[in-house]
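Enquirer: The lines below spell out each chain.
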Amino acid sequence: MADTIDQKQNFIKGIVKENPVFVMLLGMCPTLGVTSSAFNGLGMGIATLFVLLMSNIVVSLVKSQIPSKVRIPAFIIIIASFVTVVEMMLEAFIPFLYEQLGIFIPLIVVNCLILGRAEAFASKRNLISSVIDALGMGLGFVLALTVLGATREMLGSGSIFEIKFVPEDANTFILFILPPGAFIALAYLTVIFNKVSIKT
Amino acid sequence: MDYILILIAAVFVNNIVLSQFLGICPFLGVSNKVSTSIGMSGAVLFVMTIATMATYLLYQYILVPMGLDYLRTITFILVIAALVQMVEIILKRVSPPLYQALGVFLPLITTNCAVLGVAILALGLENGSLLKSVFFAVANSIGFALALIVFASIREQLELANIPEKMKGVPINLLVAGLLSLAFLGFTGLV
Amino acid sequence: MRKKKSTFINMMVSLLVITLISGIALGFVHDLTIGPIAKAKLERKINALKLVLPKFDNNPVEELKLVRSEQAKDSIEIYPAFFKSEFAGVAIVGSTEKGFSGLIKVMVGFDPNGKIINIVVLDQKETPGLGTKIKDVKFIQHYINKNPSSFNLKVTKDGGEVDALTGATISSRAFSEAVQVAYDAYIKNIDSIKKSEN
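Chains A, B and C are the protein sequences, given in the same order. Read in order, the letters of the first sequence are residues 1 to 200 in my numbering. Read in order, the letters of the second sequence are residues 1 to 191 in my numbering. Read in order, the letters of the third sequence are residues 1 to 198 in my numbering.
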């Protein structure tokens, strides 16, 4: 069955109009929890993008085989499996990131973004559309987290991706790497995002 | 003695929402009225406690002895999802009024990162035991309730305030949450 | 779009199949990664040993001694280092659960006089950007070349001589405690360590 949706729109919506973080408020826990540095935000974003992509693919492929009543448990098993794969791969090959992201890696499984897309999109659309949807939404998520992470890191540690641009003993806005700073930074970034997205 | 420390830490110092960032979705989504916040907190208390008990036993007596601790994430979330379904069914039959009060929130709790998060955190407790883990869960749900209810009371007042157009909705809520988190930061060093 | 009917058999079968496939896939990935995970952990340990100990020519990992302690949940790991059959130093792993987010594990290198050579953080889950700064050279500097017999390891807030990290008092305190645990084990076992030449 061919989908008649515009794939370009399908992709772009995830970045601006339906940005998971700024517009749909999905996946807030990792958004606030691991963005104290740009690298962490980027890493978490990519890990989530991977799970989102894989789960959208699998759900889209097997959707006709899953009876409607058990679809949520089925989605959960599929998503949780990919999350576990990510957990193990990170611990084996990128232990630094594994340590940094900590408990938020297994929490990818309850990221409402992934279950939400599986339920609302992948279970109803063909493979190509689901892949593009995942890529768009995932990219929107990655961008949001990386920007938030970079903002907090710049204000809070005077560096970006670990490259310091202030002198060693400079007084930085430590608040921004602390929990309150996450809320405050996201608040103002949302305002800026809203301003910018209205223009586009 | 340990227990008092756990309680103070979970409710104030390491508040599950305001400093550990777990449970943000319901925190932002359900907190527009104090009454719904109380309902949600009750449901969370119920599910979090039972879930932590179940997952702790599952982990200690099945997963670890069989060397399957990498299946932790997937089994925990399935246990939580199943539990939520069961709780809904049992509640409907045993106490319809309670079901009326909490019922709406139960499905939302499956994807509440706080429940899965606490279940996993409970595994790392010093000298852990079933009793300690359950107490940890109860303490954290009290912390969740505190954050949620305080936030909701502020939001109810916020409705009447004069907020700049661009800040309305999500931004101002996040800002308030930030200030609340800042206030709780003052508890650091208490334990 | 034809979906399978939600009969009991269909539901059970489809869930069973999915679970089976995911179980097999996960088991496969687990087998794939268990080697690299263990290797990464071992490499981290060897690198840590190299950082905290002076030159040695024995194999501390193989000569690991485990001692029980009331302070730590697991046994305390002691890695003796010898150079040309002479006792060169010892690396001891101290830990505490009192970190902001729980476990903090440090490897402390002591020279034959009990002076701290260097410290490496092996395990911690502290707040990124804050508590994680206990890994930074800037913080560990406070402890290097100090002998805990005369240097109070506690943070200044508790009457000690270490400046806690800004905004990470609990992490700093826990770090000091872990170092103290290591030193206590050093004092308790130093005689038997010096004697165990291989």
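In short, the hints are calculated from the structure, not lab data. Backbone N, C-alpha and C fix where the C-beta goes; we use that ideal spot for every residue, glycine too. Keep in mind that the hints are not guaranteed to be accurate.
[Claimed, not checked] A few chain B residues that face chain A, going by a derived Cβ cut-off under 10 Å, partial list only:
1. Ser19
2. Leu158
3. Asn162
4. Lys166
Enquirer: Against this structure, judge whether each hint is valid.
Expert: Hint by hint, here is what the structure shows:
no., hint, in the structure
1, Ser19, "5 Å, holds"
2, Leu158, "13 Å, violated"
3, Asn162, "17 Å, violated"
4, Lys166, "5 Å, holds"
The earlier numbered hints that this structure contradicts are 2, 3.
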